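Novice: Sequence:
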Amino acid sequence: MAGKNKPRERRKLPRVQALHLLAVEPGGAGTPDSPVYTGRTLDVNELGARVEISVPLVLGQEVDLEIGVEDRILDVRGEAVHTELLPDGLYGAGIRFTSISQAERDILAAEGG
1 MAGKNKPRER
11 RKLPRVQALH
21 LLAVEPGGAG
31 TPDSPVYTGR
41 TLDVNELGAR
51 VEISVPLVLG
61 QEVDLEIGVE
71 DRILDVRGEA
81 VHTELLPDGL
91 YGAGIRFTSI
101 SQAERDILAA
111 EGG
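Heads up: the sequence shown begins at 1 in this note's numbering, then just goes up one per residue.
Worth flagging that the hints you see were computed from the coordinates, not collected in a lab.
All of these numbers come straight from a predicted model, not from anything done at the bench.
Virtual Cβ for every residue (Gly too), placed ideally from N, Cα, C.
Honestly, I wouldn't trust all of these hints.
[Stated by the list, open to error] Simulated DEER-style distance windows between Cβ atoms:
1. E66 / P32: 13 to 21 Å
2. E111 / T38: 16 to 24 Å
3. Q102 / P56: 26 to 34 Å
Input sequences plus hints: build the corresponding full structure.
Specialist: Below, the structure written as structure tokens:
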């Protein structure tokens, strides 16, 4: 529609489309009896990822993620900064990484993310 403003891009780095399998533990590993859900990344960079999972996350919710990148598993912690119901009935979430090692950042940077 003409004249409609696009939302301003707020990311510090562009995200690269990348499908990686992941395990999501809402609340973090320290939460007793915390369930673990599987999902996948839709795009990623060294600062965060957009993920698709079967359960909704709450804005501000902390999550532990295990992201499979080639033959490695990256263990990162993050915070849900965006959530949405997707057309296919799954849930999307934007995750800002709050704890990620430099080695894990380097792995994501090396693949263009």
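Novice: Does each hint hold? Answer for all of them.
Specialist: Going through the hints against the structure:
| no. | hint | in the structure |
| --- | --- | --- |
| 1 | E66 / P32: 13 to 21 Å | holds, 19 Å |
| 2 | E111 / T38: 16 to 24 Å | holds, 21 Å |
| 3 | Q102 / P56: 26 to 34 Å | holds, 32 Å |
The earlier numbered hints are all upheld by this structure, with none contradicted.
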